[in-house]
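Novice: Sequence:
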Amino acid sequence: MTNEELPSFRFKENEELERMGYREERAYETYTDDDHRIWRELFDRQMKILKKRSVPEFFDNQEHLEIERSKMPNYNELSDLLKSTTGWETVPVPGLIPGEHFFKYLANKKFPVTNWIRSREQMDYIVEPDAFHDIFGHLPMLVDPVFADYVQQYGKEAQKAMKLTEKTGIDVSTALARVYWFTVEFGLISTKNGLRIYGAGIQSSKEESIYSLESDKPRRIEFDLERAMRTDYDFTNLQTNYFVIDSYEQLLEDTGPKSLEEAYKIIIENNYSYSNTEALDMDKIVPPNKIKHFY
2 MTNEELPSFR FKENEELERM GYREERAYET YTDDDHRIWR ELFDRQMKIL
52 KKRSVPEFFD NQEHLEIERS KMPNYNELSD LLKSTTGWET VPVPGLIPGE
102 HFFKYLANKK FPVTNWIRSR EQMDYIVEPD AFHDIFGHLP MLVDPVFADY
152 VQQYGKEAQK AMKLTEKTGI DVSTALARVY WFTVEFGLIS TKNGLRIYGA
202 GIQSSKEESI YSLESDKPRR IEFDLERAMR TDYDFTNLQT NYFVIDSYEQ
252 LLEDTGPKSL EEAYKIIIEN NYSYSNTEAL DMDKIVPPNK IKHFY
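With the working numbering applied, the sequence shown corresponds to residues 2 to 296, in that order.
Source of the hints: derived by calculation from the structure; they are not laboratory data.
Worth double-checking, as some hints may not be accurate.
[Claimed, not checked] Derived PhoX-like pairs (lysine-lysine); straight-line CA-CA distance at most 20 angstroms:
(1) LYS105 - LYS157
(2) LYS207 - LYS218
(3) LYS157 - LYS111
Work out the full structure, taking the sequences as your base and the hints as a guide.
Specialist: Structure below.
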């Protein structure tokens, strides 16, 4: 995950890390007993909450990757399994990394995985992504070939957006960053059994897992590329808006190069910018799940 527009995030100022593309290995043996206990507690809690909230493939893909509950997984072993499935690999990083490196990794089917796990004081809320967020939330979805193609396509298009922003002086990169936020991180999908979670930011969050599907407070909007690109968000709170897709195939098609070109043109010509407090007439609202889940 990357978001250079957020002033609270600071990247490590380190020439060696920059030269290495922010890749930073960590020996598996350095994880402490408490690290493994925190992983286990987070894993058990989320699996219980997500049982009827997450997409079924999330659990199937977890089993495919052999993600353990008893201790932190070894990301090198996960990388080998992932590569044999959809061609993706993991890249250990110290945390959030600059966009140019992050997007290059995605475009080349490499997913950055944070090499540390949150402290016990951060069990319920953490601002930056950690190993639990990246491994538990993101990696199972990259086993799905269509979703994996979407993430790779996003990386390629984000590289183009950075060049377009530099060339025109108009920040289309921020608009595209919102699409990542509302899909890969906080995406919902409509299924025959109701709304389900596929975004990693929700999958790895106790409170958001329940709130995103069942609360009457947020707006759940049928996915529209232009709408998502001009919708701001607040990373410090529960989301005000979620975007709902019908399928990963739809998401891949709706965010392709031609669709992005048209969206950039509309946004640039009209100077669209909206905060996350505004509702628009164009919004097609999806109701929350009515069946309450207990855990």
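Novice: If a hint holds in the structure, say so; if it doesn't, say that too.
Specialist: A quick look at each hint next to the structure:
1. Our distance criterion of 20 angstroms between C-alpha atoms is met by LYS105 and LYS157, whose separation comes to about 7 angstroms.
2. This hinted pair checks out: LYS207 and LYS218 have alpha carbons roughly 17 angstroms apart, not beyond 20 angstroms.
3. Using a Cα cut-off of 20 angstroms, the hinted pair LYS157 and LYS111 holds, with the two alpha carbons roughly 12 angstroms apart.
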